[in-house]
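K.L.:
With these hints in hand, go ahead and build the complete structure from the sequences.
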Amino acid sequence: MDTKPLFIKINEYRDIRDIVHLVKTKVSDIKKTLYDIDALKRQEEEELARWHSSVDEIEKKIDVMTHILHDAGEQP
Amino acid sequence: MSEEHLIFTKVNNPTAFRRSELESVKDTIHLLQGFERLSAIRTEKAEKSILLAKQMKELQLLMNKTKGLFPVLAEHHPAPAVEAKTKKGKAKTPKAKPPVLAKEEQRTLSSGLAALEKQLKDIEGKLNVLS
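Chains A and B, in that order, are what the protein sequence lines are.
The first sequence begins at 1 in the working numbering and counts up one residue at a time.
The second sequence begins at 1 in the working numbering and counts up one residue at a time.
Calculated directly from the structure, the hints in this document are not laboratory data.
Listed next, the in silico SDA-like pairs over lysine to any residue satisfying Cα-Cα at most 25 angstroms (straight line): (1) B:K126 - A:V27; (2) B:K57 - B:F70; (3) A:K32 - A:R17; (4) B:K65 - A:L6; (5) B:K26 - A:I62; (6) A:K26 - B:L62; (7) A:K24 - A:Y35; (8) A:K31 - B:K57; (9) B:K57 - A:I30; (10) B:K45 - B:L59; (11) B:K26 - A:M65; (12) B:K65 - B:Q119; (13) B:K48 - A:I37; (14) A:K32 - B:E44; (15) B:K67 - B:Q55; (16) B:K126 - B:G68; (17) B:K118 - B:V129; (18) B:K118 - A:I30; (19) B:K45 - A:R50; (20) B:K65 - B:S131; (21) A:K9 - B:P71; (22) B:K54 - B:T66; (23) A:K26 - A:N11; (24) B:K65 - A:D18; (25) B:K48 - B:L116; (26) B:K57 - B:P71; (27) B:K65 - A:V27.
Computed footprint of chain B on chain A, listed as stretches where at least three residues anywhere in the stretch have a Cβ under 8 angstroms from a Cβ of chain B: (28) 16-30; (29) 57-67.
The beta carbon of each residue, even a glycine, is placed where N, CA and C say it ideally should be.
P.N.:
Structure below.
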């Protein structure tokens, strides 16, 4: 690999420096968006977990109702 | 059926039955509210994903700008070495390959994914030259 020093025109150097600054800003924007997506994903998972427990609760209550109806049907 | 022949059965615990019935309806309503919340979350997530794709494209444009401004060094140095090798060996065979590659490249560039694949290969080639 060539390790000789590199000379860049001063105006191009400034352009590169400005663009690199913009790149840094853009990367931090991307990181924020990714963080937001991650938070939304967690919210989605929490909501689905709540669904599971709700369905389990409904199942339990339906079981209670079924038992009561069954007992009523068994009576002479 | 007339009212005289109606048969009834006794429900021993009507309060518990009623409570279970009402609570299960309540839970179902909560479930539907959760569905609304989930839909909103998924819509927001889709919007964020579109935003992320847009930001990534903007980043790629900026990176390409820097690539254009920076002097190309690594590509120029190894080129004479490759030419020198071909001159020593069979000179005509490598010249026949580029048009075939160009046709293949045109076919693969039909989709955006293929274009990105090509860019990746180019960058990997340049990185190999640097190392």
